[in-house]
Amino acid sequence: MLFSLIIKQMKMLIRNKQPLIILLVMPLVLITILSNALGSMMDGGEEVAIQANLLIVDDSSWVQEEEAIKLFLEQEGVTGPPMDALLSQFKNSDPVELLKNTILTSDEMKKYIATDYKQTVDLKVTRQDKNIDGILSIPSNFRLNYIKSVYFNNADFAELSLYLNQDNDIRASIIESVLADWKSGYTQSAALLDVGLSPEKVMSSVNSVEKIEQVLESNERKIPASIYYTVGMLVMFALYIPAFLAGFALQEVQWKVYDRILLAGVSPILYTLSIFFTGTLVAFIQQAIMLLFGMFVLGIEWISLEGMTVIVISYSVFVGALSALMTTLQFRTKTEGIANVFNGIFITVFSFLGGSFFNIRDISEILGKIGDLTPNGATMSAILSIQKGQDLSVIWPFMFAIYLLVVVCVLLSIVFFPRRGVTE
Amino acid sequence: MLQAISLSKKFKTKEVVREINMELLAGESVGLLGPNGAGKSTTISMLSSLVIPTSGDVLWNDKSISKNPEPLRKTLGVVPQEIALYPELSARENLAFFGRIYGLKGELLETRITEVLKKIGLSDRQKDIVKTFSGGMKRRLNIGAALLHKPSMLIMDEPTVGIDPQSRTYILETVKQFVEEGMTLLYTSHYMEEVEMLCDKIYIMDQGRIIAYGTKEELKELVSDNQTIELKADLFTANFEKALGERFPKATLRIEEKILTISMSKSEEPLATIFAIAAANNVVITSAIVKVPSLEDVFLHLTGKALRD
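Residue numbers (our numbering), protein chains in the order written: chain A, 1 to 424; chain B, 1 to 309.
Zero decoy hints are in this set.
Covered stretches of chain B, as calculated for chain A (at least 3 residues, CB under 8 Å):
| # | region |
| --- | --- |
| 1 | 63-75 |
| 2 | 79-89 |
| 3 | 92-102 |
Straight line, CA to CA, 27 Å or less: simulated DSSO-like cross-link-like pairs of lysine-lysine:
| # | chain 1 | residue 1 | chain 2 | residue 2 |
| --- | --- | --- | --- | --- |
| 4 | B | LYS220 | B | LYS291 |
| 5 | B | LYS291 | B | LYS176 |
| 6 | B | LYS291 | B | LYS266 |
| 7 | A | LYS118 | A | LYS148 |
| 8 | B | LYS67 | A | LYS334 |
| 9 | B | LYS127 | A | LYS17 |
| 10 | A | LYS11 | B | LYS105 |
| 11 | A | LYS334 | B | LYS131 |
| 12 | B | LYS119 | B | LYS105 |
| 13 | A | LYS334 | B | LYS10 |
| 14 | B | LYS12 | A | LYS334 |
| 15 | B | LYS220 | B | LYS201 |
| 16 | B | LYS12 | B | LYS67 |
| 17 | A | LYS183 | A | LYS91 |
| 18 | B | LYS150 | B | LYS201 |
| 19 | B | LYS131 | A | LYS17 |
| 20 | B | LYS242 | B | LYS291 |
| 21 | A | LYS369 | A | LYS110 |
| 22 | A | LYS334 | B | LYS14 |
| 23 | A | LYS11 | B | LYS131 |
| 24 | A | LYS11 | B | LYS118 |
| 25 | B | LYS127 | A | LYS11 |
Everything labelled a hint here was simulated from the structure, so no lab data went into it.
Idealized CB from N, CA, C, for every residue including glycine.
Isolated chain B, as found in the complex:
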């Protein structure tokens, strides 16, 4: 079991992680959700023993890792957000190097490399130099490099950043397979749908703090009284937005391109009113969808801003 107890981290005067408490049980898949700059990467760096906390502690099987991180490191695979590979080496050479520094050698090393290459779907490109790979292939190899020593726990820091949808789907399916095989997973992302798909338990982080945690259902319960209405129009005028705000003072409004998202209490039945205000302000609504609550709504509800803001 991996535990974070009152974990804080300060870089010079800036406190990037504040009093975090987390728990990761064997076989669990846990998501750490938060916008860019929330402190997710620093948190997982502390959890994986790479960064020393300013205060608080990380326990691995009830023992602090501050003095002896080795037992944790042996069972841990970390997939950093960066492509932590050697671009001048081939895929196989990269895996061979990371396998060797974990103490693998000879036939065992060769077998593990072959298994990992198969798992990440790069067997046919194993001899190619990494710098010739697409972004998605690099990301897959980045994951593969963390799997060679058969870790029982995997920490993944935004493993799908900056890749095409096809590669993203491939990676998510691969990670899902790890979870189904019983691997303990800590997955950080600012894509709520990824966390929703992969994780049983979710921690939501903002400005260095855990602002909510629980299962998906428990978190959505937080916004069960809420409804989200998504409106589409060619143009939302300032007057329309102002009028909506005055009519629904407790609602949260967010405009993204040609979509207006309104989060408000379920007790209100606003559609007719919204259309009336739109007509009065010369806004032509082309579609209106009333959505079931998502983790995005949870985040919006808790922080008043979108995850990707």
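Chain A with its partners taken away, still in its complex shape:
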């Protein structure tokens, strides 16, 4: 009986032009247009999929340390013009200046790392800032100690502190790789000087960029416009399914077909269950078609099949639960008002917050977090995370949000189902 109801609902959907256009044709057209129109911007190197935020807290400077350095040189027996020449040499190969003015300011590097500079901050407080992926703390006597250790083999080696935010492994890895490369350059300065190489040549940004690309390649792939918009449209257009199914259900009541169904012994619970299963099935088929379209027409290589299956099934279950809830609400109100409001307002807001048209985090991190609480936003974030090559475990918080919403929809359906029947 349940099967007959599902088949009938599927036939109603398939034989109506409007649902077919909205659920399939529109998203496929939009995916194609957006992927091509915005592809050059997203894929062409103007924008990168990931950018790490580095804060350099520099408590050292030539101004405050120059006198101490001169005193040290005098103690080492270097005075007069040789001292001036040596100081000039030190300044030219100052690793901090090299990092600030050469490595991090190159055009290539700026795509991957955004740098901010501060002096003397409360590290405990600053480390709480989730927007900062790494903090490089340079102590006040760094330059003096660096000269002592590299040029005069003094045992007091210049120490730096690097704090990495563990919330985003990839961004932390980018910072770590660049700074490790830089550090290895200046720690080997003495040896480099011995073989006639200047440290600044070794600590070039080219090496660091290569390291970043290696990190990205090994950890995370870029998300091209084709993937972004296929996923964006997929999660958005699945939300139109509940309104169609609820609309058909209301028509069944108005046409008195629902009476016939009840007279045949189909309970209202079974009927609502059939809407739930139809919604789930239609959402699954719709998403599968879009993913296959992306694969065969746009040439997308979907990775992590098991993760994708879990996400698509979970989102389909949510769409099924929302269909049941919307049917219940329309039965109660006996109007299409609920579906109209949902289609007209909710889907637009959810799509905006969920990032179907652009990454909402580019505007506001808070809006991005709110977006992750929307079913479409959570699903989109989950799919994009695993498509970047992240571990499957990253999807569970998103799936938890989806199933929480499924439970809410089911509970509300039970609460709002008209107890005295729908016919009256």
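Could you slot chain B onto chain A? The hints should help.
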């Protein structure tokens, strides 16, 4: 046996059915006659267990259906006034769906669909999409959908509304055949000739109440002392109508287009007087018929208004 006991239904503050008592015995064909808005559809919705009465009860074989409607539903076929079909599906697909939800499957389902299609005369259009059907064909399929599970009782709510005379005749002949085959029938209509043709027993309903019931003969007996005179003229003037009213104060007058219907006691012999009044008021009567009482007259007699008012 299906019984309605003191059945009432209120929607918010409006009481649409009031204290109705009805009885439908196996093999009987019962008519429920009343004008639009009389409460017929609500009554049959309660009788078929779809609407819960505000007070009173419906008994099926002496057991209340309020707690357990299933035994009634299994034996019942309901033809609603609306076209309760899926317009995007074919005739056969519609019947297959309704058959399946009644638990029919496989060869039995196919056989029943073929039988029903033959019965309603749609075998040659079975694969066509319902939305391409004429009103009459939709009505026939609407009836067919209620027959798949071979119900022993059929409730039909105005099954001939809005269709052409040819389709209407076809449907009435089909329903007549059901009655002759022994099916129990509850037929609602505001077309008294349909009820008169199909039903043994008739309940007349107005403003939510049963105002009379009995066989056709018993009901007509109510107006046996009455006669109905139907006059035709190009124009009935207000003065003529007023003069008739003054002369026959107990008569009921009703003008519909160019026909004046006068219902009055048989004891009076009014034709000569009527012609005289017509002549005095410049009304040219083109025909005058003295009719035998009909259910229409019964309704007019009981309520003072026509069934289709």
